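Following the hints, complete the assembly by docking chain B onto the known chain A.
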Amino acid sequence: MPNHWSAKTPQPSPDLSTGLIGWLRTNLFSSPSNTLLTIVGVAILYVTIPSFISWALINATWFGDSRAVCDEAAANGQTGACWAFINVRMGVFTYGFYPEMERWRINVMVLILAFNLTPILASTIFKNNSRQALLGLLGIALTFFIVGPVGSILMGAYFFLPLAFSTLSKIDTIVAPIGADARAIGFRLLGALLIGGGVYFITHSLISREIAATVGILMSFLMLCLVLIRSLSTMGWRWIMLFSAFPVLCFYMLLGGVLGLPPVETHFWGGLFLTLVVAGTGMATALPIGILLALGRRSELPVIKVVCISFIELVRGVPLVSVLFMASVMFPLFLPENVTFNKLLRALIGIAFFYAAYMAEVIRGGLQGIPKGQYEAAKALGWPYWKMMTVVILPQTLRLVIPGLANNFLSLLKDTTLVAVIGLLDLLGIAKAAMADSEWLGFTKESYVFAAIVFWVLCFAISRYSVHLEKKYHTSYH
Amino acid sequence: MVKMQNNGKGPGTGGSKLRFLYDSRVRGWIAQTLVVLMLAFVLGYALYNISTNLSKAGITTGFGFLSEPAGFDISQTLIEYSSQSTYADALVVGILNTLLVSVLGIIFSSFFGFFLGVIRLSPNWLVSRMAAAYTEIIRNIPLLLQVLFWYLAILAPLPGPRQAFDFSGIIFLCNRGLQLPKPLLEQGFNITTITFAITFILSAILIYWSRYRQRQTGKRFPAYLVASALLVILPLISFTASGSPMHWEVPTLKGFNFAGGFTVLPELIALWLALTLYSATFIGEYVRSGIMAVDKGQTEAALALGYRPGLMYRLIIIPQAMRVVTPPLISQYLTLIKNSSLAVVIGYPELVHVFAGTALNQSGQAVEIITITMAAYLSISLVISFFMNWYNNNIALRGQEG
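Protein sequences, first through last, are from chains A and B.
The opening residue of the first sequence carries number 51 in the working numbering; numbering runs sequentially from there.
The opening residue of the second sequence carries number 631 in the working numbering; numbering runs sequentially from there.
Excised from the complex, chain A in its bound form (with noise of 0.2 angstroms):
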């Protein structure tokens, strides 16, 4: 019998646990039930994944300017997709049949929209007016590089305004509260129209007068509606921009008509471009509808509420292609004959309005998560009820649901399709029409796989941001 009893060195861990085959063990094959299952995955796997690689990659012709380079190659025995139908028509399927020579006005707005967003969305890196600054420089840059020298002027623009607004309006000898006196409205007057014609004296050496008289003018109007909100962040700035000049500056650059742009009408829009405008401006109006009608449903006048209601079930029983439809049919009824109604905006108006269903739907959800503690709290201090809304329940609210808003922007995004049915031309509908075309019949599944990658990639990325945007803002009441 040993006297003292000591540790034995640990043995390592058994061989088939372990590695490489333990890991397959507990994780493959840990039961029979489970090599079945893992057996059926990788036949599955074995029989459409290379397939579709040869397909998609392999096999696929990438490049050509006609049809002659794909049946060549499928003669060799090449059957793999013909990815150059896709190269062909990259331009329709991105700005549909925008004239060529007008494109580049839809990539400023793009760049100054990506350029704007970027701060907004990542906003934990760009915190700091510099970082942001340096953004706005490499976005002027690259606008100038991609589109010219007018489009990296509206950049620079755009994107430099909030920063000098955040700036002004900490300085409180230039800026006044709201309702002061009429020196101080006199005194911001001067300073819109200083800022209005230092544009005019940059733009009109590049660009014709007139162009350069209205830039000028429209930036000294934007600057004194922007100077009289007092005291915002940049981030503040950047949002209300884009909830106003953002539109504004959409609307006259890619429709056209004003400042010597030739007028573009919304028939030739179309394309990545048009779904795009679709979404875009669908969950813009969609959102401010779908706040007020979750405020009206649980408002405690009885007319507003059964308005509210009625009007948030009726349209979630309904499709949307029922109410596209009626939108493309009946809008036109509704107003006087000698009134024409354009295609694309009765198509917004529809879509508006049946999101703005399924948005109040999640807000309430929002609004009945906000402890009774908060409404009441806002009350005690005798706060009107839109103060109390406004400044306390919405924003709350907002971060509660914004994985239910996401989901709606999400089908929102796919669901502009759907305009196709009314005859207007989306990515989809372009995808489609361009299969008619009898230079390049027989392409259907490119077409589509390409369609569907590029909504993937959107959708999919909308999700992740969600997501994180979720982690951000955890805020639990429970």
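Derived from the structure by calculation, the hints contain no laboratory data.
Where hints are given, some of them may not hold.
[To be verified] Straight-line Cα separation of at most 30 angstroms, DSSO-like style, residue types lysine-lysine; simulated pairs:
1. Lys-926(B) to Lys-393(A)
2. Lys-521(A) to Lys-926(B)
3. Lys-422(A) to Lys-437(A)
[Said to hold, decoys possible] Calculated from the model, a selection of chain A residues having no Cβ within reach of chain B, i.e. all distances over 12 angstroms:
4. Ile-71
5. Glu-363
6. Gly-423
7. Pro-434
None of the values given here were measured: they were computed from a predicted structure.
Glycine included, C-beta positions come from ideal geometry on N, C-alpha and C.
Here is chain B on its own, set in the frame of chain A:
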């Protein structure tokens, strides 16, 4: 501060007449009156314009057109229909076709969705990743694109009837659709139908009895197994006993097309496939979240009691998960029904295509037809949500108010 004290005294006590406007009740009434006036104005304006526009176009309003002959054919009809039938018949055909594809879609997407949800939680690394990849790929692609893909990129390029894919000489697949053998019923088949009905009632009684007995004595009886066996065996016996009064009409190639049997339209196949595959990803996610919402202690307790995983899922996990799954499942089913209207782009003759498309073009009665279409969808939605809510109330936890 002063203002707050005044407010504290309540309405009507202030000296100024303006104080009246600060009363929230008065403000409420003003707001409501404004809303009503605005709605009345908008509606009145729209109605006035509609009536003037229609009278100028020479279109008579009203629902009288429903009893006039429609004058167009429909490629798939579940009831008797010809071009001489009325618009009302066309409406019924459209609704039935919508319901057909919806029911098919709901059944298959439920099974596939449950399968996806369960398999995504499986300990098998490969299979769960595959389910996740499938879900992420399919649900991020627009449904309309999938419908068109199946219809134009997969089914349309299939070979014609002469080179159709032959499944053992009974079933054929070609670009005209799927050709299936058709059961032809003869005299005496009624006996089998009646037997089936009686067995069905018997099985229901059996299941009810076994539940009652289990509640009273705790003894289990494999009621579902026995009932389904009975449902197969008894009608089969009566079928053979009455001399097999049915034979199959197999589709055969005649000239350029198939004759005999019955044809499943390629539009129906494309729509059904797309609806099923797309909705299943959503149902799978609901099922997964429902299963994950069941407390882990339930699993552990079941395993500690020696339940096999299959029985544990069936008796403990799934019933509790269903409480979480049912509400989103209801709305998913309703979404599926509404999504079936996408058929309009491929020409499957459902409600929107037949009625809001062809019938509208034929008759020009835009207002009535759109109203009827929307009302039809609304009533389908309401009926289904009524039944599903009844089911949901049945399985909901009692005595725990939200």
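Verification of the supplied hints:
no.: 1; hint: Lys-926(B) to Lys-393(A); verdict: violated, 54 angstroms
no.: 2; hint: Lys-521(A) to Lys-926(B); verdict: holds, 23 angstroms
no.: 3; hint: Lys-422(A) to Lys-437(A); verdict: holds, 16 angstroms
no.: 4; hint: Ile-71; verdict: holds, 14 angstroms
no.: 5; hint: Glu-363; verdict: violated, 8 angstroms
no.: 6; hint: Gly-423; verdict: holds, 18 angstroms
no.: 7; hint: Pro-434; verdict: violated, 8 angstroms
Violated hints for the displayed structure, listed by number in ascending order: 1, 5 and 7.
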